[in-house]
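One-letter residues, chain by chain:
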Amino acid sequence: MRIGTAKFSYRHDEALFDSRTQYAWLAILGLGLVAFPFAVNEYWLYLACLMAINIGSAAGLNILTGYTGLVSLGHAAFMGVGAYTVAVLQGAVDLPVLPNLLAAGAVTMVAGFIVGIPSLRVKGLYLAIATIAASMILHFVFSNWQPVTGGTAGLMVNPARILGIDLDTSFRFYWMVMPITLLMLLGAANLFRTRIGRAFIAIRDRDISAEVLGIPLLRYKLLSFGISSFYAGVAGGLWAYFFRIITPESFPLSMSIFFLTAIIVGGMGSLLGSILGAAFITMVPEALKLIVGWLPISADATLILSPVRTIVFGLLIIGFLIFEPLGLQEIWRRTQRFFHLWPFRS
Amino acid sequence: MNIHTVKHWLAGAVVASMLGAAGIVHADEKEIVIGGSIPMSGVFSFAGIGIHAGIQDYVSIVNEAGGIDGHMLRYVPEDSGYKVDASVAAFKKITSQNDVDFYYGDSTGFSKTINNELNRMNSILMSGASFASELNDPEKYPYQFLVGPDYTEMFGILLRHIADESPGAKVAFVYSDSEFGRDPIETSRKTAEDLGLKVVAELMTPPGSVDVSTEIAKMRRARPDYAIFHGYILAPIPEFIEQARKMGMDTKFMGTFWTMDNSTVMQMKDVADGFMGVMPYRYYYDDSESAPMLEKIREMRPDYQNVPYIQGFLSAMLYAESARRVLAEGKEMTAQNMKAALNSLENFDTGGLIGVPITIRGNSIPVGRIYQADVSQGKMLPVSDWIILE
Amino acid sequence: MEFDWLFFAEITLAGLGTGGLYALTALAFVIIFKSTGVVNLAIGEMLMLGAYLCFGFAVDFGLPIWLAIPAAIVVGGLAGGLIERLTIRPMVGESPISTFMITVGLAAVLVGLVELVWTAAPRRMPAFLPDEAIFIGEAFVPSKVFYGFFVTALLIAIVLLVFRYWRGGVALRATAFDQAAAYSMGINVPRVFSLSWIVAAMIATMAGILVGAVGGISPSMGIFGLSVLVVVIAGGLDSVLGALVAGLAIGLIEAWASGFLGGEFKIVATFMILIGVLMIRPYGLFGTREIERL
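Residue numbers (the working numbering), protein chains in the order written: chain P, 1 to 346; chain Y, 1 to 390; chain V, 1 to 294.
Everything labelled a hint here was simulated from the structure, so no lab data went into it. Just so we're clear, the structure is a prediction, and the values are computed from it rather than from any experiment. Beta carbons are placed, not taken as given, at the ideal position from N, Cα and C, and that holds for glycine. Take every hint as true, because none was put in to throw you off.
Here are the simulated distance ranges between beta carbons:
no. : chain 1 : residue 1 : chain 2 : residue 2 : range
1   : V       : Phe-61    : P       : Arg-121   : 48 to 58 Å
2   : Y       : Arg-361   : P       : Pro-96    : 36 to 46 Å
3   : P       : Asp-18    : V       : Ala-181   : 46 to 56 Å
4   : P       : Phe-17    : Y       : Met-121   : 34 to 44 Å
Just chain P, with the same shape it has in the complex (with noise of 0.2 Å):
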């Protein structure tokens, strides 16, 4: 808890940061993101860039699950319409990149509306199965819409191109991506301080109390899909450009999961938890890596990798859910709490 931080005005309650500190810590971060680039590599540049794609698909997701309580396990395949998109526009009417992602948003937000349309009906575990069956529908679309989805093979992206530059290495993607990011984090973290916002809140903890104090069930339910699904079409879209590829094999079931665990062990219902579940979870498959090698087994031990991967993945989940069901996050504003109090200790 912050000390000596009076609050004179509304405005200023509401305010996302409000204190001198907090600007500072916020400066740093914006210099370190600038520097970051011209300090690493291109295998870290490519890490990143991938991290601030997951980050934006994990805010869209935990908008719905963690703030809205409709859980999702589709969220891949509104990533995958939102690359389509983009991929399918820019091969017909070549839209420069900047119009393509948002229309790409704008078609996921549509779909998502549909999908949505079932929670009238059920809540839930229903939803839940219920978005499965979403996903798979929409794998089917991709697969065998061969005139416009290409079918198995898929669709080739050319590079994005703003200002005649083609943003065809992770070190030019990532001034694009970075940006996007910030502004997909800030446009959420603004839309829980106005009333859209708290309805979801209200949906999630009781959705009937939320009925009776007059939020209109359906219109909420399907605008936090809609909101949503427009994240994760972003987010599909810059991966379109970021891997040049896309087949219906891109977005399967498995990377709904991975988003869900994302954000589970980030912490459900938090944007900074979001970027560190994002994060996290992205780390890990190359953190695993680095561990394999260090142990002390035979060469014999780079064939264990993938199902070690799969291991740890499930185990993530339960044991966050198990002992820390707030996340990442907790531990993270635990650690805050401390040192805000150091020394003195309560």
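Assemble the complex: chain P is given as a structure, and chains Y and V must be docked to it using the hints.
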């Protein structure tokens, strides 16, 4: 100095130190580096382990002989678990830490994804485990090649054999619902018709499917003389063959590269007898003709080495040969030069790994032979000559 | 165009065979849900574990098949009990969505474990079902499917009888009906939870052995669980009758879709049914309507 200022300075110091960069390791400039995203774990691990061993062995043979013009070969692999994102991450890691000249990719998805990067870099020549027809396009994939015929060419070889043995026969295609499976079907349908064969059924099975009874029922309807499987490693081929035999069908069954390894076929036990397929290489135990490289492999590795081992070995051989030619002409090791060197290979002797001398005109090596399983001997025996497609 | 009745008959029989297996697995799912209220997304993976246990006993340990199967069932059951103790018990009282997510994590762990021990390469089970071809009239039924169906029917009958007459079965039903009342009648409810998971795991193991016998085993067998999920939603999460009826129905529909439309329509048909059921009768054909109290 109050506690806040101390905290600020501490924080600043921590942040500053975190901005330290990861250094780039410079490889020895005289070394020729072969990188690889090898599927050593995961679904394809039986292949990955073989490929890994094959490349390793060839590299050690060359290095023992003094390298290529004094340049030593170095092999830098990473496990990819047969997942595209892990393969790409491995590629990025290896290329950031080494000056890579050749790369082995584990899947069609990876080869397609990384293609743009290869074109931009113009410093790496790539091959891999994929025989996808799409990759056999020197214009779209200029710096990649296949170590054998592509899937459409494999079908072509099989269909040609069928047309020779039984003109006008009825053929069925059984394939999996994936990019791997669907790859050659369209084109092969036309090839079959051109050869005067009748395609009576095209059966697609869902991936990871457990029960194929409906497809078997459809096959019974069609009563083909030959059935070609593609897009599988093992399952559900044994199911199909077993049920077909029970039904009293005397269809002859055939497969493409990835179903043709000795160990895979023999897992089918009795059902495997008579199973045919196309294979561009000689099997480990083949001693029908003189094959110096094969003998060397048998010396180095007394146990059976599977077909992916031969593929890895051969890939490394082609990399080395391409490097040798570029260096001999005193040129730079750019992808363009290395590919041109590869394409200059005419009637190249692979030391018996492929039964005939090879010429690489485009991106593939359209050579193969039909083998048939003999369960009593536990071996795959050749039933045709080496077929070279034009 | 003359309708090919023989073909129709053949795929119908094949569909019934698969449907029987769906019904059996759905039964395991319903037992868990009825007793503990947990939606177990890992049911397909428990089935896979069972198949691999049998494979391990038969091939790695070299036991004769008629010993390997019971051994696998026993060990599978114990594994189920262990899973319940370690991962589900700590979540008592938490939201059902969290418990659902735990089963998702569990599925990943099971797949990884199996891959670690047996590698990801697909394998074949040693044969134990009689081999000769079965012809019903002129229609051909793969022998495995035929015998599999009878074994399934037998198992379902045994399970239903056990529930009806065995004390443990009665305790399970009582706990499912009303936990508080069961407690006050002296039923050891936590023990019943463990029991339900053990029984369900045993049933899943049996189903896994049959599925493995028909189509081979591989770590991706768990995808069977997705179809089973549709079955239980259609039948009602807590209805045994629903599991049976819906299991057979979905098996048939999948077979017809695959036979007449093509292999790629199989999964899509299943999930369109799911969406349909969710829209029209969200609690399934025979499920109890959930009344939410504030």
